[in-house]
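Undergrad: Spelled out, the chains give:
Number of protein chains: 2
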Amino acid sequence: MELKSYLKTQKTNIDGFLRDYLSPLDIPPRLKEAMQYSLGAGGKRLRPVLVLAAHDAVGGKSRAAVAVGAAIEMIHTYSLIHDDLPAMDNDDFRRGKPTCHRVFGEAMAILAGDGLLTQAFEILSDPSHMEEVPAEVCVRVVGEVARGAGSTGMVGGQVLDMISEGSDIDAAALQNMHLRKTGALIRASVAAGALLGGADDEGLEALRGYGTKIGLAFQVADDILDVTRTEEELGKSTSDVARGKRTYPSLYGLEGARAMAETLVTEALKSLKGFDGGATPLREIARYIITRAH
Amino acid sequence: MELKSYLKTQKTNIDGFLRDYLSPLDIPPRLKEAMQYSLGAGGKRLRPVLVLAAHDAVGGKSRAAVAVGAAIEMIHTYSLIHDDLPAMDNDDFRRGKPTCHRVFGEAMAILAGDGLLTQAFEILSDPSHMEEVPAEVCVRVVGEVARGAGSTGMVGGQVLDMISEGSDIDAAALQNMHLRKTGALIRASVAAGALLGGADDEGLEALRGYGTKIGLAFQVADDILDVTRTEEELGKSTSDVARGKRTYPSLYGLEGARAMAETLVTEALKSLKGFDGGATPLREIARYIITRAH
Chain A
1 MELKSYLKTQ
11 KTNIDGFLRD
21 YLSPLDIPPR
31 LKEAMQYSLG
41 AGGKRLRPVL
51 VLAAHDAVGG
61 KSRAAVAVGA
71 AIEMIHTYSL
81 IHDDLPAMDN
91 DDFRRGKPTC
101 HRVFGEAMAI
111 LAGDGLLTQA
121 FEILSDPSHM
131 EEVPAEVCVR
141 VVGEVARGAG
151 STGMVGGQVL
161 DMISEGSDID
171 AAALQNMHLR
181 KTGALIRASV
191 AAGALLGGAD
201 DEGLEALRGY
211 GTKIGLAFQV
221 ADDILDVTRT
231 EEELGKSTSD
241 VARGKRTYPS
251 LYGLEGARAM
261 AETLVTEALK
271 SLKGFDGGAT
281 PLREIARYII
291 TRAH
Chain B
1 MELKSYLKTQ
11 KTNIDGFLRD
21 YLSPLDIPPR
31 LKEAMQYSLG
41 AGGKRLRPVL
51 VLAAHDAVGG
61 KSRAAVAVGA
71 AIEMIHTYSL
81 IHDDLPAMDN
91 DDFRRGKPTC
101 HRVFGEAMAI
111 LAGDGLLTQA
121 FEILSDPSHM
131 EEVPAEVCVR
141 VVGEVARGAG
151 STGMVGGQVL
161 DMISEGSDID
171 AAALQNMHLR
181 KTGALIRASV
191 AAGALLGGAD
201 DEGLEALRGY
211 GTKIGLAFQV
221 ADDILDVTRT
231 EEELGKSTSD
241 VARGKRTYPS
251 LYGLEGARAM
261 AETLVTEALK
271 SLKGFDGGAT
281 PLREIARYII
291 TRAH
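Each protein sequence line maps, in turn, to chains A and B.
Just so you know, the working numbering puts 124 at position 124 of the first sequence, and the rest follows in order with no gaps.
Just so you know, the working numbering puts 168 at position 168 of the second sequence, and the rest follows in order with no gaps.
Treat the hints as calculated values from the structure; they're not laboratory data.
Intra- or inter-copy, both count: the list cannot distinguish identical chains.
When the alpha-carbon atoms are kept at most 35 Å apart in a straight line, the in silico DSBU-like pairs for lysine-lysine are as follows: (1) Lys-32 - Lys-44; (2) Lys-245 - Lys-4; (3) Lys-245 - Lys-8; (4) Lys-32 - Lys-245; (5) Lys-97 - Lys-32; (6) Lys-61 - Lys-4.
Produce the entire structure from the sequences given, and follow the hints as far as they go.
TA: Encoded structure:
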């Protein structure tokens with residue numbers, strides 16, 4: 001299977017949805033512009049691709065998978081906008097472009113984030129997008145996404161990250177932080193795709209396990225990239241190391257972190273052992289994460 | 001009917017839910033504290049009371065009404081936390097207490113707001129709270145609340161408010177701003193209660209009409225209070241007038257604004273003409289809004 005062309009096709013579908021979705025809505029123009037600016041600022045669209053790949057893994061046929069993926073990407077985008085704010089990480093650049101608050105001002109960036117987060121739940125409950133999805137499944141997807149994004153998940157992880165900055169946290173605390181900060185929404189993406197695709201309880205649990213492992217692997221890879229790549233390559237202005245944050249390489253060394261990423265990916269692949277060829281994209285995505293780390 | 005005792009009972013139920021709900025959750029302690037601080041900072045609990053009263057108006061018997069009301073109060077509370085931020089209204093006091101960011105810092109206040117907004121959707125999709133609610137109704141409630149809170153609703157209204165500050169907007173623009181900023185979530189509260197209670201389409205439309213009118217009436221009354229009460233009585237440090245915002249009294253004069261509030265309340269009561277004694281709390285709430293303005 002050609003992962004590159006799979007990713008490209010899925011990314012095109014997601015980007016198309018994200019580009020067109022807000023246009024017809026009666027949103028104050030400057031707010032819409034800010035939301036679209038950040039949605040359009042690129043990125044790998046990892047979370048929506050995971051929704052689609054998990055949906056494929058269980059043999060799903062739902063036409064709502066792109067919409068659900070896009071909703072989760074809106075949540076991811078809101079989290080980046082708020083993370084970049086002066087009161088938070090105070091970043092001027094994101095993905096090589098000026099951050100939302102640098103272009104639209106701080107107040108508008110806060111509101112654009114709030115708007116994107118809320119928009120996600122509008123999509124997940126909108127009959128025109130969730131048309132053929134049973135209401136029970138819609139409710140479960142809303143729950144998965146809300147828990148992944150909320151104060152026990154991503155928002156909680158952001159707080160742990162903020163509190164730990166400059167302090168000497170141990171491996172367990174670092175893992176707990178990442179399980180929430182990036183892991184929770186990644187796991188929710190996989191679970192949402194599985195639910196949409198009609199996964200049974202066993203399949204759902206296996207895919208949740210996969211999501212947890214690649215979520216961590218992804219973070220370890222990110223930490224490695226943060227050490228090995230230059231600012232220009234990363235497209236952001238301040239590395240986590242420069243910020244005095246604990247990272248996997250700082251805790252385990254570069255080679256130790258690479259070994260850890262490999263172990264996590266192996267475990268993620270093990271979670272998929274009960275799945276057939278439909279899970280090939282999920283397997284390829286897991287392997288791709290290691291490539292990034294090397 | 002004794003509105004005071006009705007309001008008191010309902011407020012007690014809501015406050016109890018809000019006080020207990022977060023405690024058992026695995027939220028980082030400082031974040032939980034910030035969320036609880038703002039949830040516990042008082043307020044009339046108007047929106048949850050409207051959920052309960054609309055639910056009563058259609059003869060509802062759902063045990064989920066308190067949870068839904070509490071979820072909407074979390075959204076209202078998040079909006080206050082973000083509104084008060086230095087980048088927004090920069091308020092040091094709210095309801096007579098230091099604002100969230102004054103106590104917990106700006107970053108934590110942003111995240112506490114994000115957490116509360118997301119928590120609302122966790123509640124609305126949580127089977128332990130929505131147990132007996134048909135999934136179709138849950139999805140519709142999520143949709144109502146998300147649209148009311150989002151970029152075409154409350155967040156959009158906040159942007160219009162921000163953009164209009166200090167500028168000479170006309171009556172139509174002022175109304176559009178308020179229909180979104182405060183009106184949309186108030187209408188969503190009434191609609192959510194009606195849906196939970198099993199309203200038919202006609203009843204739902206009538207109650208939406210009621211919600212729109214009292215939402216505006218409430219804002220007009222707020223504007224009047226802003227002129228006629230002192231800072232100490234209001235419990236906040238900067239009046240909208242001092243901030244150079246257009247208000248109903250500045251546009252229509254104090255007496256004109258009072259007449260407007262009365263007309264809106266009369267229209268709200270007209271929307272309820274097809275309802276029996278179950279709508280008494282909704283009628284009393286509408287009348288109470290005028291009392292506030294005098």
